[in-house]
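Enquirer: Chain by chain, the residues:
Number of protein chains: 2
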Amino acid sequence: MTRRSKRRSRMRPSAASTRDVNYSALKNPLIRQPSFSQDRLEAIHQTALRVIEELGIRVLNEEARSYFKQAGATVHEATQMVHIDPAIVAQVLESAPSEFVIHGAVEEKNVILGGDNIAFVSVGGPPYISDLDRGKRNGTLEDTRNIIKLSQHFDVIHLQSPNVEPQDIALNIRHLHTIESQLSLSQKPFFIFSRGSPQVQDGFAMTRIARGLSESEFEQKAWCYTVINTNSPRQLDIPMCQGIIDFARAGQVSVITPFTLAGAMAPITMPGALVLQHAEALAGITLAQTVRPGAPVVYGSFTSNVDMKSGSPAFGTPEFVQAAFGAGQLARHINLPWRGSAATASNAPDEQSVYETMMSAWGSILGGVNMMIHAAGWLEGGLTASMEKFILDIESLQTFAEIFQPLKSDDAELAFDAIESVDPGGHFFGCEHTMSRYQTAFYQPLVSDWSNFDAWTESGSLTATQRANGIWKKILKEFEPPPMDPGVAEELQAFIAKRTEEGGAPPES
Amino acid sequence: MTRRSKRRSRMRPSAASTRDVNYSALKNPLIRQPSFSQDRLEAIHQTALRVIEELGIRVLNEEARSYFKQAGATVHEATQMVHIDPAIVAQVLESAPSEFVIHGAVEEKNVILGGDNIAFVSVGGPPYISDLDRGKRNGTLEDTRNIIKLSQHFDVIHLQSPNVEPQDIALNIRHLHTIESQLSLSQKPFFIFSRGSPQVQDGFAMTRIARGLSESEFEQKAWCYTVINTNSPRQLDIPMCQGIIDFARAGQVSVITPFTLAGAMAPITMPGALVLQHAEALAGITLAQTVRPGAPVVYGSFTSNVDMKSGSPAFGTPEFVQAAFGAGQLARHINLPWRGSAATASNAPDEQSVYETMMSAWGSILGGVNMMIHAAGWLEGGLTASMEKFILDIESLQTFAEIFQPLKSDDAELAFDAIESVDPGGHFFGCEHTMSRYQTAFYQPLVSDWSNFDAWTESGSLTATQRANGIWKKILKEFEPPPMDPGVAEELQAFIAKRTEEGGAPPES
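First to last, the protein sequences are chains Z and B.
Quick note on numbering: the working numbering labels position 281 of the first sequence as 796, and the sequence is numbered without any gaps.
Quick note on numbering: the working numbering labels position 479 of the second sequence as 994, and the sequence is numbered without any gaps.
Honestly, I wouldn't trust all of these hints.
If chains are identical, the list can't say which one is meant, so a pair holds when it fits in one copy or spans any two.
Said to hold, decoys possible - In silico DSS-like pairs for lysine-lysine, Cα to Cα no more than 25 Å straight-line:
1) K651 to K664
2) K824 to K542
3) K651 to K988
4) K988 to K664
5) K824 to K923
Worth flagging that the hints you see were computed from the coordinates, not collected in a lab.
Please read all numbers here as calculations on a predicted model, not as lab measurements.
Based on the sequences and whatever the hints tell you, model everything.
Expert: As structure tokens, this is what we get:
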């Protein structure tokens, strides 16, 4: 190669020279922020232990009570109250794994939960969907599938979620379709609702079909997860207990998340709300570990505050951030993976939705979150999934993923020679140091428009949310489902047909 | 007091029971995030020293070159290049104060710069103003005064800023009116542009009139500040040098801020851009400390990246955040207060403007920023000040201020008794623990709307930016200037009249 052609090839790098950051497996190198000194953290832990020992937890599920009895807890059948000795809690915390893998259809989609690893999960659970074209409306299966597609498309989303409730599908067969959609449109680890054993068992059976597993192969690894919300204060209901039991028994993941809104279902002080959260989570973890020692569980928190004038929940508040710092400390105190959230109470995918989501995301990330749920698409306190908000959130998540990358700072990066090569008052656009790096140096944004005001005006003065509208449409239009063996797809459809014929499985409460 | 009336008074606390957080004096308790190991940080510092010793800085101002000569630097008059020995830099860093007070009209408005203290400064320097009613247009003195009023109104803004350029005022007398506006509408420490000695001396004279100071009283304390932008790479121009000289001589504050855009005026690597930033800042600091050892200076940074396709500057990028972490480390390495920024390239006060501003604000805050400039109202890469964006930013700044407050966690906050008093599945709305705290427990938002979708729709489906429009108007309508002695106000007006008659002072370049 001549000197000249060498230079040319440096200045016009091949198409392959694109930025190479692996969003699929992220570690969070940021220093964790505490809300409490070590002794006050221990005081919160001890007070939570007093709550479950002295005050007790009401457990509505009989089988769960028998497990608690088996573990050595004091159970009053008449009142359904369960009192758990601190020694029992200490013992179950020994068996719960601090880090584990939840498996996807292919190894690249496996996700490690715990340690310094961080996984982002799309919006979970809203009954409504909204987009700029059609506004807010009831979710349908098509909407569910659309969000699954977006979640599969972006590497920075690591786990599928229940996302929008497909209200056009009958309750007794809805789970069959949401699970099939996750399995056929995505290779990522996925979600099953805990709405009674029959639904859960259907989900497990479909997982075995899709992943090609025997029952014992299935139970040896984690493939799917559920979220368990306690009925704060101090109550575990029938399907939630059943979910913990079924998932633990099968070696699948329970994310045990008290929804402790300070001033409503929890004390008005954030440390008090965290005491209640911790007590309820420890009770759920005790159940899981009693059913199967070593069952994968995630310490969940969703502590925020309410508007004391209206009782409305609020998210992304300073109280939320401080609670997130504290919740992360509590999770590390008991050496479990921690689930947090990115959330907002805003009714529109507007500026409020962004600053509240960003505040809660930063709070969770600096708290050391391992599993950040609702990280893309959440709106209106969780009642609505927004297509545009999903795209806006992806931009922030990708920014976080980039911030997590180590900043190379060897001597070549310090650029003394480059600085020498440019005269005072000059510029670095054309210098060798720039030319050899310019295609891969910086993150390329998804939504952000950095053009000047005139160019932006000429292209229609679109806001970020308006631009996001075009982005999700393009992705859905071009989406191609990951490969699935036609025999497996057929088997899944046959399973759905059979279970539908049998009447499906209505949700239990 | 009877038991009954006691309870009543508890349940209906007096109007005085409002949240009591002092936004006027904030300390940042968050752990600082690093971008570099200690040895790479030292390598950046050493490389910057090599840049100013071996490569040199071009200094266009003759008086500045003579000061550098006096300090012991090697000066080539023909090329205007100044080469500074590392020993000189080490010596001037000894004399620069790591923490100092900049004084307001009253003691409550004094601001400490340095240490763990954090000060927020409103938008500085844009030629344009925008609001939802009238769109983007040239700034006028009325706009300048409006932003001064908003900055005076909110305690979370600590320092006035140049804000919008009043383009309806002739250049030779513009400084008289912007300075008079800051002095008459606000009690906070304020800003003077470095556009040549005559303007600066006018500003100093007006400060002495407004604050009632003799020349020597004025020079004993810091009352005002200027921002010095180097002409990166490696150049200090005439008015910038003059600003450093004039401010240092008078004991006033220079914020020495290289504008090092990686890939344009600085190396494309963030560590390389920081090397250049550090070299230029150290040169400016050397000048200030040579003029007057102990002169208050702030280590400024504004390192970000550009869009390599268009050359447009970008803000709130992952690169910006990593550079902010590193810049904070460099400021602590030389033990000086650090100036950072909250910034965005967005053309509208939309979702992009919020996520970019939030990313840059979190980057600066976790980097340990002492003086966060452009913290409210910045838009379009600094070309426009937005009235609505100002309000949105205040919401975030107040949220940060609340996050900075220590979270009380004594035994009463852990709320064991409250948890005991509420049955499983019940709620905490009415319990004593809640009732005694509910009026002051939580931050009350400025813009956020937490009402449900129906209520929000009925009230017009306003976005946060639309609501912000009503908020700034109400504040301006109700604004009352702080008291000023009529004699002082008269003297200021007389000074302006006299200087105007004399022809004012056109900006120098």
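Enquirer: Give the relationship of K651 and K988 under a CA distance limit of 25 Å: within one copy only, between copies only, both, or neither.
Expert: Only inside one copy: K651 and K988 sit 17 Å apart there, 31 Å across copies, limit 25 Å.
Enquirer: As a check of your reading, is K988 near K664 (CA-CA no more than 25 Å) within one copy, between copies, both or neither?
Expert: For K988 and K664, only the intra-copy Cα distance (11 Å) is at most 25 Å; the inter-copy one is 44 Å.
Enquirer: First find the shortest C-alpha distance between K651 and K664 inside one copy, then the shortest across copies, and answer within, between, both or neither for a cut-off of 25 Å.
Expert: Within. Shortest intra-copy distance 20 Å satisfies the 25 Å Cα cut-off; inter-copy 39 Å does not.
Enquirer: Check K824 against K923 for me: Cα-Cα at most 25 Å, and say if that holds within a copy, between copies, both or neither.
Expert: Close across copies (23 Å), not inside one copy (50 Å); limit 25 Å.
Enquirer: If the cut is 25 Å between Cα atoms, do K824 and K542 qualify within a copy, between copies, both or neither?
Expert: Classified as neither; 40 Å inside a copy, 30 Å across copies.
Checked against the numbered hints given earlier, this structure breaks only hint 2.
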